[in-house]
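Colleague: Sequence:
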Amino acid sequence: MSQSDRQSPAPAADNRVQEIRASAHLMSLDSGVFCLVNGSPKSADSPLTGVRVSAVDPNDSDISIVTFRPDGWLTGGGDSALIRVLSDAAQILITIYQAVGSTEGAPKLRVLRLSEAAEGNAAAAGAAPAGIRKPVALLTGSHDIIAHVQRMGDLGKSFGEWMGEPGSQLAVEGFSLAAPEGLEPGDITYQAVLGRGWLSPWNEAGQFCGSRGMALPILGFKVKLSDAAAKRFTLSISASFLDGTKLDDLGSEESVEAPSLSPLEAFLIDLAPKAGAKKAPVAVAPVVAKAKPVVPAPAAKPVAKPIVKTPMKPAKRSR
162 MSQSDRQSPA PAADNRVQEI RASAHLMSLD SGVFCLVNGS PKSADSPLTG
212 VRVSAVDPND SDISIVTFRP DGWLTGGGDS ALIRVLSDAA QILITIYQAV
262 GSTEGAPKLR VLRLSEAAEG NAAAAGAAPA GIRKPVALLT GSHDIIAHVQ
312 RMGDLGKSFG EWMGEPGSQL AVEGFSLAAP EGLEPGDITY QAVLGRGWLS
362 PWNEAGQFCG SRGMALPILG FKVKLSDAAA KRFTLSISAS FLDGTKLDDL
412 GSEESVEAPS LSPLEAFLID LAPKAGAKKA PVAVAPVVAK AKPVVPAPAA
462 KPVAKPIVKT PMKPAKRSR
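Using this note's numbering, the final residue of the sequence shown is 480, and nothing's skipped along the way.
Just so you know, these hints were derived from the structure itself, not from any lab.
Be a bit skeptical, because a hint or two may be false.
To be verified - Derived DSSO-like pairs: lysine-lysine, alpha-carbon spacing no greater than 27 Å straight-line: (1) LYS383 x LYS318; (2) LYS385 x LYS435; (3) LYS407 x LYS435; (4) LYS385 x LYS318; (5) LYS383 x LYS435.
To be verified - Computed beta-carbon distance windows for the label pairs: (6) ALA391 x SER184: 41 to 47 Å; (7) GLY200 x ASP404: 26 to 32 Å; (8) LYS407 x GLY238: 30 to 36 Å.
C-beta atoms are modelled at their ideal positions from N, C-alpha and C, and glycine is treated no differently.
Put together the whole structure using the sequences plus the hints.
Modeller: Encoded structure:
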């Protein structure tokens with residue numbers, strides 16, 4: 162064996178590690194709240210294509226980043242990340258991942274300013290200074306609706322009850338819904354209104370939609386029932402907004418938003434079972450019949466043997 166043969170590595174049985182293409186960029190932002198949007202269409206051929214957003218220093222408390230997708234990826238189709246900067250200026254790391262040989266160009270990223278200096282907004286909202294968390298009451302029990310309300314923290318309500326208080330001038334910043342018994346999480350989905358014609362991605366029941374602690378109110382929302390859910394439940398939504406707008410009796414996939422795009426103040430979601438609607442079948446454990454105890458057969462009585470009398474021999478006479 163030659164020296165070159167001895168030094169060459171053995172061919173791998175399979176390619177467990179594949180190469181990808183990644184590029185990193187630094188984006189400078191001043192104080193305020195921003196939204197980074199990936200406006201490129203989602204690629205079915207290259208699911209790897211995506212964007213990650215992070216702070217250069219993960220321990221920097223002056224930077225908060227929240228994504229609407231639970232996995233943190235911005236894969237296109239309007240996937241967004243909210244970025245709050247409390248300091249005068251900060252740098253955000255944007256990393257773009259693409260498959261090797263991909264013919265797609267760079268993703269179409271847009272940066273939108275949602276508010277001015279974050280410190281001013283935090284003070285106006287009654288938020289605690291950076292690094293100090295306001296005490297928030299812990300929710301106990303189960304709730305159909307959980308929402309994060311300005312100055313109030315997380316609140317829990319049932320379907321048919323008002324979430325938030327109309328006329329309070331306290332904005333809703335995010336919410337989540339629970340699926341009623343018998344429905345799957347995908348049977349009830351919802352999204353937040355972030356701007357005119359601008360909606361967050363759809364969220365399934367149990368997922369939080371919006372933000373917490375960023376002093377960023379949502380401007381409304383949509384709720385959508387699947388065909389299976391619409392056959393069993395009636396959906397009716399009412400809402401009030403900071404500018405005094407009130408909406409009533411909106412249904413599935415209708416946009417709950419004020420014409421002025423005023424922040425959402427309070428809302429009521431009534432999800433009532435339809436009359437005569439069949440409940441989802443519940444699996445019942447099979448009933449196993451108890452085995453009857455085996456009664457032992459009575460023991461047979463011993464058979465009495467007949468007594469055989471032995472004839473006595475006549476006694477001999479003495480002479």
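Colleague: For every hint, state whether the structure bears it out.
Modeller: Against the structure, the hints:
Straight-line distance between C-alpha atoms of LYS383 and LYS318 comes to about 18 Å, which keeps the hinted pair within the 27 Å bound. Restraint check for LYS385 and LYS435: satisfied, since their Cα atoms lie roughly 17 Å apart, inside the 27 Å limit. Distance check on the hinted pair: LYS407 and LYS435 sit about 26 Å apart at the alpha-carbon level, within 27 Å; holds. Restraint check: the Cα-Cα separation between LYS385 and LYS318 comes to about 19 Å, which is no more than 27 Å; the hinted pair holds.
Between the alpha carbons of LYS383 and LYS435 the distance comes to roughly 21 Å, so the proposed pair stays at or under 27 Å and holds. Range check, ALA391 to SER184: Cβ separation about 45 Å, and the 41 to 47 Å hint holds. Our hint of 26 to 32 Å for GLY200 and ASP404 holds, since their Cβ atoms are close to 29 Å apart. LYS407 and GLY238 have their C-beta atoms about 32 Å apart, which keeps the hinted 30 to 36 Å range intact.
Of the numbered hints stated above, none is contradicted by the structure.
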